[in-house]
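S.K.: Take these sequences, add in the hints, and give me the full structure.
So the sequences go chain by chain: A and B.
Using numbering that gives the first Met the number 0, read the first sequence as starting at 0 and increasing by one per residue.
Using numbering that gives the first Met the number 0, read the second sequence as starting at 0 and increasing by one per residue.
Hints are computed from structural coordinates only; laboratory data are not their basis.
Don't take every hint at face value.
FRET-style restraints, in silico, Cβ to Cβ [unchecked claim]:
(1) B:81 to A:676: 28 to 34 Å
(2) A:155 to B:257: 54 to 60 Å
(3) A:76 to B:19: 56 to 62 Å
(4) A:687 to B:142: 57 to 63 Å
(5) A:185 to B:288: 49 to 55 Å
(6) A:28 to B:19: 36 to 42 Å
All C-beta atoms, glycine included, are put in the ideal place defined by N, C-alpha and C.
Below are the chains, spelled out letter by letter.
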Amino acid sequence: MSPAAARAAPWIRGDGQAKATGQARYTADLAFPGLAHARLLLAGRAHARIVRLDTTRARALPGVLAVLTQDDVPKRRYGSFDLVLDRTLFARDRVRFEGEVVAAVAALTPELAAAAIAAIEVEYEDLPPILDVEIALESGSPLVHPEIDSYRHDPNLAPTGNVAGRSTIVKGDATVALAAAPVVIRERYVADMAHPVPIEPHTVTADWAGDRVTIYSSTQVPFAARAKTAEVLEIPEHRIRVVVTHLGGGFGGKCDFHFEGHVAALARAARRPVRLVLSRREEFIAPDKVTHAMVVDLETGLAEDGTILARKARVLLDCGAYASDTPTIGQVAAMMIAGPYRIADVDIEALSVYTNRTPSGSVRAPSGPQACWAVEQHHDVLAARVGLDPVAFRRKNLVHDGDEGPTRQRHEGDGAIDTLERAVERIAADGALGPNEAIGVASGWWFSAPGPSGAFVRIESDGSGRIVTGAQENGTGAVMALPILAAEELGMRPEEFAITYQDTDTGPYDGGSSGSQTTFNNGRAVVEAARDVKRQLLELAAVALEASVADLELRDGHASVVGSPDRRVSIAELATTAHSGALLLARGSGVPPEAPEHDASACVGRLGFESFASPTFFCHAVRIRLDPETGIVRVLKVVAATDVGRVLNRIGALGQLTGGVVMALGNATTEGTVYGADGRQRNASLLDYKLLTTADGPEIEAIFVEHPASNGGPRGSKGVGEPPIVPTAAAVANAIAIAAGVRVRRLPMTPERVWRAVTTGDDGATEVNAPFGPRAAAVEAAVAAAGPDRR
Amino acid sequence: MTERFAAPTTLSEALGILAADRAARPIAGGTDLVVAARQGRKPLPESIVAIHRIAELDHQGVVDGALVVGGLTSHAWLAGSPDVSAGWTALADAASIVGSPATRSTGTIGGNLMNASPAAETTAPLVVLGGVVTLRAAGAGSRMLPVASLATGPGQTATTPAELLTTVTVPPTAPGSGSAYIRLEYRRAMEIAIVGAAALVTLDGDGRIAAARVALTSVAPTIVRAPEAEAALVGTAANAATFRAAGQAAAAAARPIDDVRASADYRRAMLVVVVARALAAATARARGESIPIPASRWAHGQEV
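M.R.: See the structure below:
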C-alpha cells in the first residue's frame with residue numbers, strides 16, 4: 000500500500016475493541032485492596048470569609064481515615080503555568096467560588112466520607128459576590144484577591160485590582176485610521192460561560208509505596224499533573240508516577256492540575272489507596288476549566304468599497320476566581336478578533352478579569368468560538384452596511400499567500416480563501432431555500448502549538464514494532480494513529496505496532512492532549528525515532544544482502560534492494576539477528592518548529608501567542624431553518640472546510656471535525672451556564688445544561704484543503720483537534736440573522752433569546768442574567784457592603 | 000439511606016408490605032426515583048418495594064373499546080402499540096418522546112403518573128382522553144380516580160401511602176375525534192417539556208368543532224385542563240385562527256413560572272403556540288389525515 004493510500008484507508012484503532020466491548024478500564028474502574036473513598040468539602044457559596052473551620056468532629060467519626068485542610072499541606076501558592084500564583088490546594092481564609100475546596104476526607108466507604116464531610120464545621124461570613132466583569136473593573140470594586148499585589152507572577156504580566164492579565168495585539172495606529180475611515184461600526188457581543196462536559200467526571204486514585212506515589216488520574220496532561228503535584232506537596236517529581244488508564248473524554252476540562260495533590264495527600268495520611276470520583280454536579284462547579292464568558296466590544300473602519308481599514312477592540316474574559324491559564328487565552332482571543340483578515344491597523348486589548356465564579360480555562364480552542372462568533376457576525380454587519388454580500392466581503396478581505404498577519408507574520412498558502420470558496424460552493428449545491436431557511440458563513444483561523452515531545456520506537460524479536468510515548472490519548476485517536484506514521488517510515492503496517500502510553504514513568508515527556516498538539520509534536524518525535532530504527536534496519540540489511548545502505552529501501556515488511564525486489568530480507572529476520580546483538584531501539588524528539596517571524600514590539604502581555612504558528616484556516620457554511628414562533632433553530636447542514644496542511648489519518652480527522660461541529664452547535668444554541676444572583680450555577684446537571692444528542696446532529700460535510708505548512712508538523716500537517724469547534728456558532732448566528740431579520744448578540748442563542756429578538760428586537764447583549772447584571776446598582780451595593788478597606 | 004427492600008411477585012404481597020410499612024414506597028422502572036437520588040434532589044426512600052416482578056400489573060389490552068393497561072406498562076409499549084396509535088394517538092405522541100430509548104423501555108405509565116411531575120409527558124394526553132386510574136390498598140378494595148384528579152402538586156398525589164396504582168383505563172373517543180400531544184423541545188431526545196399541550200378534538204358533520212379538551216404541561220403545579228380554551232373552541236370552524244384564539248385563552252389563564260429552563264413570559268407565549276399546534280394536529284387526525292407520531296416534530300416543522 001502506498002503511503003497516501005495508507006493515510007486514507009479505514010483504520011481500526013488499537014483501543015477500539017476494548018472500548019466498544021466494555022473491557023476498557025477507566026480510572027474509576029480500577030480495584031485496589033483496602034481502597035478508601037475521598038470526598039471534598041466544597042464551599043457552596045460564591046464569596047465568603049472563613050471565620051471558623053473545625054474538623055474535630057469529623058476526625059473522630061469511626062471509619063474516617065483522614066481529614067485534611069490547608070493546615071495539613073505545605074503553605075504555598077501555585078498557578079497554572081506560573082502565570083499568576085493565586086491559589087492554594089485548600090481555601091484557608093476566604094472562599095472565592097462555590098466549587099472551592101475547603102477540606103477533603105478519606106473514609107472506609109463513600110457513605111462514611113459523606114458523613115465526615117457533614118461533620119466538618121465551617122462558619123462563613125458571606126461577602127457580596129462579584130459576578131460581572133465590568134463591575135469588577137470599576138475603581139472601588141471589591142477585590143476577589145485583596146492580596147493580589149503580593150502574588151508572584153509571570154514577568155510579562157502585571158496583575159492588579161481584579162485584572163489577572165492584560166494582553167494587546169497592536170499594529171500601526173488604529174485610532175488615527177478609524178478617525179479617517181468613511182464607515183465605522185461599533186458593536187457589542189456577549190457570550191455566557193459554557194462547560195466541556197466530559198462523560199467521565201474527574202477521577203483520581205493515589206497509591207503510595209514507601210516514599211513513592213502512583214497517581215491514577217483522568218488527566219489530559221499527565222506530565223503537568225505530575226509537576227504540579229510535586230510542587231504543591233513539595234515532593235521530588237521523580238517520586239511521582241502519573242498513569243492514565245483510559246480517558247473518558249476531556250475537551251480541555253481535564254487539562255492542567257486538578258485533584259491529584261488533594262488525593263495524594265489524603266492517601267498519604269490515610270495510609271491506604273484513596274479514590275476520588277466527582278459527582279456530575281461537582282464536575283460542573285469545581286474543576287477550574289470552563290469556557291470563558293466574554294464581553295467583546297468591536298469597532299471597525301471600512302473603505303466605501305468594503306475594504307477593512309482598521310479595528311479596535313476590547314475583550315473581557317471572565318477568568319473566574321483564579322487566573323488559571325486565562326491570561327494566555329486573552330492573548331489568543333485578541334489574535335482571534337484580528338482573524339485571518341488583511342487589516343492594516345489593529346489595536347486589540349484583552350483583559351482577564353477576576354470574578355467569584357468557577358475559574359475558566361483551556362476548553363477546546365479556548366476563546367476561539369466566542370471570539371469568532373462575535374467578529375464574524377460583525378463582518379456580516381459591516382458587509383451589509385456597504386452593500387456587499389457576506390461572501391464577497393470575505394473574499395475581499397481574507398488573507399492570501401504572502402499577506403501579513405496582525406503582528407506582520409507572513410501567511411502561507413491560500414487556505415483562508417480556498418476554504419471559503421469550497422464551503423460556499425457545497426452549501427449552495429443543495430438547491431433553493433425553503434421557508435424560514437437561511438445560509439450563514441463564518442471564516443477563521445487557529446494556531447498549531449509547537450512544543451517539546453518525545454517517543455521511543457523499537458522492533459521486538461518477532462519483528463513487530465512498539466511505540467513508547469508520553470503522549471496522552473483522550474479519545475480523539477491521536478495517539479492511536481501514531482503507528483500510521485511509524486509504519487510509513489518502516490514499510491510496515493500500522494497494526495503491527497503496539498503502543499505504550501500515558502504513563503509518566505515509561506514514556507518521555509509530552510505536553511499532553513491539549514492545543515491540538517499530539518500529532519503535531521509527538522508525531523514528529525515518532526517519525527524521528529522511526530527513521531533511526533530504519534537506519535538500524537538498513538545497516539543490518541546491508542550486511543545480510545551484501546548491498547550498500549544507499550541502495551536499500553523498506554517496504555511491505557522487508558528490506559530490499561531498490562530495483563531488485565527479489566533481493567530482500569524480512570524485518571522479522573532482521574529483528575532476530577538484532578536480538579542476538581545490538582537491539583533495534585531508537586528515540587525521537589526533534590526540534591519543535593519555531594514561531595513565524597513577526598513584530599510584536601507594540602504588544603504587551605506577550606505570553607507566546609503574539610504570532611500563530613502554522614495556522615489552520617477554515618470556513619463553515621450552514622443551512623438552518625428557524626421556527627419564528629418559538630425561536631427554535633434547526634441546523635440542517637454544516638459544510639466544514641478546513642485547511643489542515645496535510646491529512647495524516649482521514650478517519651481520525653473526520654472524527655475530530657464531526658465531534659467539533661456537534662459540540663459547537665450545542666454551544667451555539669442550547670448550552671450556556673445560568674448563574675443566580677448568589678453566584679451559584681443554576682443548571683449544573685445534564686437535564687438543564689443541554690448538550691445536543693446524536694438525534695440533533697445535522698448532516699455534516701467535511702472538506703479538507705491541503706496547503707502543507709513549511710514549518711508544521713509531520714508532512715506539513717497542522718493542528719486538527721480544536722479548529723472544527725471554532726466557526727460553527729458564528730455561521731449559525733449569521734444564518735439566524737438572515738432568517739429572523741434581526742441579530743442575536745448573546746451566546747448561546749437559545750430559543751428564548753432568538754424568540755425575544757424576533758418579537759421585540761432585543762439582541763440580548765444587555766440581558767440581565769448574572770454575571771452581567773444591572774451594573775450601577777450592583778456596584779453600589781457591592782462597594783457599600785465591602786466597606787472602606789475594599790474587603 | 001434505604002434500609003428495607005422487597006421485590007414481591009404478587010400484588011397482595013406488595014399491598015401487604017405497603018400497608019404494614021408506612022415508610023415503604025413502590026418503585027417500578029426507577030427512572031425518576033433513582034435519577035433524583037443520584038442527582039441529590041431527593042434521597043431514596045427508607046423502604047423500597049420493587050414491583051417490577053408483579054405479573055398482575057403488566058397487562059395490556061382493549062376491553063369493550065377501552066384501553067386497559069397495567070401500571071407496569073412501559074412507554075415503549077404505548078409508543079409501539081397500533082391500538083394506542085389509532086385510538087388514543089396523543090398518548091402515543093407522548094410516550095414516544097419520553098427521555099431516551101432506555102427510559103422508554105424501563106419507565107412505566109404508573110410511575111410516570113404517580114411521580115406527579117408537572118412536566119410528565121403522559122399525563123396531559125390521559126387528562127384529555129378521560130383516563131382513569133385504579134388504586135388498590137390491602138383490605139380496602141379498590142377505587143377509581145380520574146387522572147385529572149390524581150396529582151395535587153409537584154410530587155404530590157391524592158393517594159394514601161398504602162395505595163398502589165394497578166391499572167390505567169382510557170375510554171374510547173367519540174366518532175370524528177382526533178388527539179395529539181405537542182411538546183416544546185430544544186433537543187430531540189433526553190428532553191423535558193418547557194411547555195406542552197394535549198388536545199382532543201371532536202368534529203361534527205359540518206367539520207366544526209363539536210367538543211374539545213385541552214390540557215397543559217409545565218405551566219402550573221400540576222397538569223391542568225384549559226377550560227377557557229375549550230369553551231372558545233366549541234362551535235367554531237376548525238382553523239388556524241380559532242386554534243390561535245384558543246391558545247391565547249389558555250395562555251391568559253395559565254400561571255407559568257420563571258425558572259432556569261425558561262421565563263414565564265416565554266412559557267406563556269409558547270403556550271399559545273403549542274396549544275394551537277396540538278389543536279391543528281388533533282383536528283387533522285379527526286379528519287382522518289395522517290399526522291406522524293410523535294406529532295411534535297411534524298408540528299414544529301421539523302423532518303421526522
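S.K.: Which hint numbers doesn't this structure obey?
M.R.: Failing hints, ascending: 1, 2, 4.
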